[in-house]
Amino acid sequence: KAGVTQTPRYLIKTRGQQVTLSCSPISGHRSVSWYQQTPGQGLQFLFEYFSETQRNKGNFPGRFSGRQFSNSRSEMNVSTLELGDSALYLCASSLQGPADTQYFGPGTRLTVL
Amino acid sequence: DQQVKQNSPSLSVQEGRISILNCDYTNSMFDYFLWYKKYPAEGPTFLISISSIKDKNEDGRFTVFLNKSAKHLSLHIVPSQPGDSAVYFCAASARNSGYALNFGKGTSLLVTP
Numbered sequence: 048k049a050g051v052t053q054t055p056r057y058l059i060k061t062r063g064q065q066v067t068l069s070c071s072p073i074s075g076h077r078s079v080s081w082y083q084q085t086p087g088q089g090l091q092f093l094f095e096y097f098s099e100t101q102r103n104k105g106n107f108p109g110r111f112s113g114r115q116f117s118n119s120r121s122e123m124n125v126s127t128l129e130l131g132d133s134a135l136y137l138c139a140s141s142l143q144g145p146a147d148t149q150y151f152g153p154g155t156r157l158t159v160l
Numbered sequence: 005d006q007q008v009k010q011n012s013p014s015l016s017v018q019e020g021r022i023s024i025l026n027c028d029y030t031n032s033m034f035d036y037f038l039w040y041k042k043y044p045a046e047g048p049t050f051l052i053s054i055s056s057i058k059d060k061n062e063d064g065r066f067t068v069f070l071n072k073s074a075k076h077l078s079l080h081i082v083p084s085q086p087g088d089s090a091v092y093f094c095a096a097s098a099r100n101s102g103y104a105l106n107f108g109k110g111t112s113l114l115v116t117p
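Heads up: the sequence lines are chains A and B, in that order. So for the first sequence, the numbering used here puts the first residue at 48; every next one is plus one. So for the second sequence, the numbering used here puts the first residue at 5; every next one is plus one.
If you are wondering where the hints come from, they were derived from the structure by calculation, not from laboratory data. Keep in mind that the hints are not guaranteed to be accurate.
Claimed, not checked - Just a few of them, taken from the derived set where beta-carbon distance is under 7 Å, the chain A residues facing chain B:
(1) G89
(2) F92
(3) L137
(4) P145
(5) F151
(6) P153
Said to hold, decoys possible - Label-pair restraints from in silico Cβ distances:
(7) A:N124 - B:P86: 37 to 47 Å
(8) A:R120 - B:T49: 17 to 27 Å
(9) B:P117 - A:P108: 40 to 50 Å
(10) B:H76 - A:Q101: 28 to 38 Å
(11) B:E62 - A:S126: 39 to 49 Å
(12) A:Y57 - B:R21: 35 to 45 Å
(13) A:T158 - B:P117: 31 to 41 Å
(14) B:P86 - A:S69: 29 to 39 Å
To be verified - Stretches of chain B that chain A covers, calculated by requiring three or more beta carbons in the stretch to come under 8 Å of a beta carbon on chain A:
(15) 44-51
(16) 102-109
For each residue, glycine too, the CB sits at the ideal point set by N, CA and C.
The whole structure should be built from the sequences, with the hints applied where relevant.
Here it is as structure tokens:
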């Protein structure tokens, strides 16, 4: 069974731009969660999607948004990029929700210049 | 505020000996705890978990201990192997917050031959 895939793996943007990251979950998994990893704050929960609905949200500004499609694939979008948005963005999929084992993708490394 | 803390950024252990990784948490609502292992350029991989109704869970060489009164958990690896060298993240979740994972900042374990 293929694991969680994330595209692109690396991305360089400039301040003020917006970015869209993509996550394809493990086949059969309906829940997708997104996390941001930075050296200062560590891994922080962004949001979780299930059946195309945002079910849970972390403490991030509205510039961070996401969506999920009917095939469970998910995208997250960051608008008006700031230098502090430079991070590794990880997505994780699970069968029904975070109470099930979450399987992480390799992440997308975003650099904002 | 960091609700899950791993106070040792790094740990070095000889092959064959026991590795003990520690984790403290502050939120008494956490009822599910997990350990993840992360290699460079990969996403975190689930290792072992424990529910708050238990105080110990074993899986092969890995054992997690939970002390709820002290809000402390630990991961024991016996015997340690060079392939165990990785960053270990402690995570905690609560039913009342949708089981979103709250991660510690990680402990880098080096197992030397």
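Status of the hints after comparison with the structure:
no.: 1; hint: G89; result: holds, 4 Å
no.: 2; hint: F92; result: holds, 4 Å
no.: 3; hint: L137; result: holds, 5 Å
no.: 4; hint: P145; result: holds, 4 Å
no.: 5; hint: F151; result: holds, 3 Å
no.: 6; hint: P153; result: holds, 5 Å
no.: 7; hint: A:N124 - B:P86: 37 to 47 Å; result: holds, 41 Å
no.: 8; hint: A:R120 - B:T49: 17 to 27 Å; result: holds, 22 Å
no.: 9; hint: B:P117 - A:P108: 40 to 50 Å; result: holds, 47 Å
no.: 10; hint: B:H76 - A:Q101: 28 to 38 Å; result: holds, 33 Å
no.: 11; hint: B:E62 - A:S126: 39 to 49 Å; result: holds, 46 Å
no.: 12; hint: A:Y57 - B:R21: 35 to 45 Å; result: holds, 38 Å
no.: 13; hint: A:T158 - B:P117: 31 to 41 Å; result: holds, 36 Å
no.: 14; hint: B:P86 - A:S69: 29 to 39 Å; result: holds, 35 Å
no.: 15; hint: 44-51; result: holds (count 6)
no.: 16; hint: 102-109; result: holds (count 8)
When the structure is compared with the earlier hints, no violation turns up for any of them.
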